[in-house]
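Novice: Chain residues, written in single-letter form:
Protein chains: 2
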Amino acid sequence: MAKRLLSDHFLEDTEKMPYTILITSGPTREPLDPVRFLSNGSSGRMGAALSEAAISQGFAVTIVSGPVRVAYPPAAKVIEVETTQEMLDAARGEFVRADCVGVIGAAAPCDFRAASVSKQKIKKNADGRPLILELVETPDILASLATMKRPDQWIVGFALESEPHTGVGLENAQMKRQKKRCDLLVLNHPNAIGVDVTTVSLINACGEIIQELTSTKRTIAERIVQLMSR
Amino acid sequence: MAKRLLSDHFLEDTEKMPYTILITSGPTREPLDPVRFLSNGSSGRMGAALSEAAISQGFAVTIVSGPVRVAYPPAAKVIEVETTQEMLDAARGEFVRADCVGVIGAAAPCDFRAASVSKQKIKKNADGRPLILELVETPDILASLATMKRPDQWIVGFALESEPHTGVGLENAQMKRQKKRCDLLVLNHPNAIGVDVTTVSLINACGEIIQELTSTKRTIAERIVQLMSR
Chain A
2 MAKRLLSDHF
12 LEDTEKMPYT
22 ILITSGPTRE
32 PLDPVRFLSN
42 GSSGRMGAAL
52 SEAAISQGFA
62 VTIVSGPVRV
72 AYPPAAKVIE
82 VETTQEMLDA
92 ARGEFVRADC
102 VGVIGAAAPC
112 DFRAASVSKQ
122 KIKKNADGRP
132 LILELVETPD
142 ILASLATMKR
152 PDQWIVGFAL
162 ESEPHTGVGL
172 ENAQMKRQKK
182 RCDLLVLNHP
192 NAIGVDVTTV
202 SLINACGEII
212 QELTSTKRTI
222 AERIVQLMSR
Chain B
2 MAKRLLSDHF
12 LEDTEKMPYT
22 ILITSGPTRE
32 PLDPVRFLSN
42 GSSGRMGAAL
52 SEAAISQGFA
62 VTIVSGPVRV
72 AYPPAAKVIE
82 VETTQEMLDA
92 ARGEFVRADC
102 VGVIGAAAPC
112 DFRAASVSKQ
122 KIKKNADGRP
132 LILELVETPD
142 ILASLATMKR
152 PDQWIVGFAL
162 ESEPHTGVGL
172 ENAQMKRQKK
182 RCDLLVLNHP
192 NAIGVDVTTV
202 SLINACGEII
212 QELTSTKRTI
222 AERIVQLMSR
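Protein chains in written order, with my numbering: chain A, 2 to 231; chain B, 2 to 231.
Check the hints yourself; a few may be wrong.
Just so you know, same-sequence chains aren't split out, so a pair can sit in one copy or run between any two.
[To be verified] Pairs of lysine to aspartate or glutamate residues, derived as EDC-like cross-links and limited to a Cα-Cα distance of at most 20 Å, are as follows:
1) Lys125 with Glu135
2) Lys124 with Glu209
3) Lys122 with Glu81
4) Lys124 with Glu172
Derived by calculation from the structure, the hints in this document are not laboratory data.
Build out the structure end to end from the sequences listed, making use of the hints.
Specialist: This is the structure in structure tokens:
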């Protein structure tokens, strides 16, 4: 699909072509060998809830998703990926489009990958010795999108902290907000993975907690889209 | 559920109580911290195909399954687990039952786990240094069941070798067959994960390749159950 130029943005008939929200969703997988991988239990449910909220508020939605069981709304365009690098590549390709007004980083990309991927299935050591694995960081998807963000675009990030309600958790979240240049950061707890009702803190671009919300992913999703489409 | 004694076996009215085949299926997950885990792409489709074949040949089926998307036959009893240790515990509990005639180890359990699981989400190193992870072996489910196997029970193992058609792949498979005391070993290729048509070698208790089969998982499953119910 040909990319359109920024200038096209102003030529669009917005009645014919709705603005698009880009949503990353689900986990990524980082292979150790042809069989094994690192991943996490992200279900893609928050991504699905955000997509539904965005569509019902009149946006087009593109989802870049890792492997999930969840059903995305049929009206959404879904790009399936496996690794964090693939998710980044796909997200960059979509974020650069003139009709893309913002990105919501609801995915839980693996932030570590094996320093080298074994071409053969890794064998157990014959004498049962431990296996030492060297992990390196994967690219930071939102921080990377932040470097190419246009003035007319916004970024919503998610932070998952083990201890979100302590000073440390909040401080970490603030560091993430700055690095990813988030207009809104959604801070939640590991218990958010795979469940439906959860507690989040919404932090604005100035670092202020503007709302604490204990609710279903659907209600939280609606609130996020509402905040960004004002 | 109360376990029944071996002697009960001979008291059963087999018309009322069919023999049960125990099937392990899907991947397991080994946590690194509250969010991340090691796993593999096993879909559970071979386990589902084996369950269908066993049920259609008149057996009851108990499936011990890791997290999968596949739909198991409604007539099967399904026990859901996450880690390899949980899969082993559940499988032992079922294998000891008097009506259990055999186990088919179609699961792809993680054979490594983190030496220590972090209670907190593991942070990136501030200076981008690699993360060193120490992995240790998980218990071998079939080898463990083999130590408690009754004379009236059989074990079918699966071996996944990167190079199944070379001498090395076959030799590794033979070692697995002996360690797990398999009456039948199904040797297949990493491309078996997540796809439907695959090539397997069937190896009997004496280490002889009795059949090579390129077919759907359904046909392979029917052949395996047929071989074991003769």
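Novice: Does each hint hold? Answer for all of them.
Specialist: Evaluated hints:
Taking CA atoms no more than 20 Å apart as the test, Lys125 paired with Glu135 passes in both settings, with 16 Å inside one copy and 13 Å between copies. Proximity of Lys124 and Glu209 under a CA criterion of 20 Å is satisfied in neither setting, with 50 Å inside one chain copy and 24 Å between copies. Taking the shortest alpha-carbon separations for Lys122 and Glu81, neither the intra-copy value of 25 Å nor the inter-copy value of 26 Å comes in at or below 20 Å. Proximity of Lys124 and Glu172 under a CA criterion of 20 Å is satisfied inter-copy only: 13 Å between copies versus 41 Å inside one chain copy.
Taken one by one, the earlier hints fail for this structure at numbers 2 and 3, listed in ascending order.
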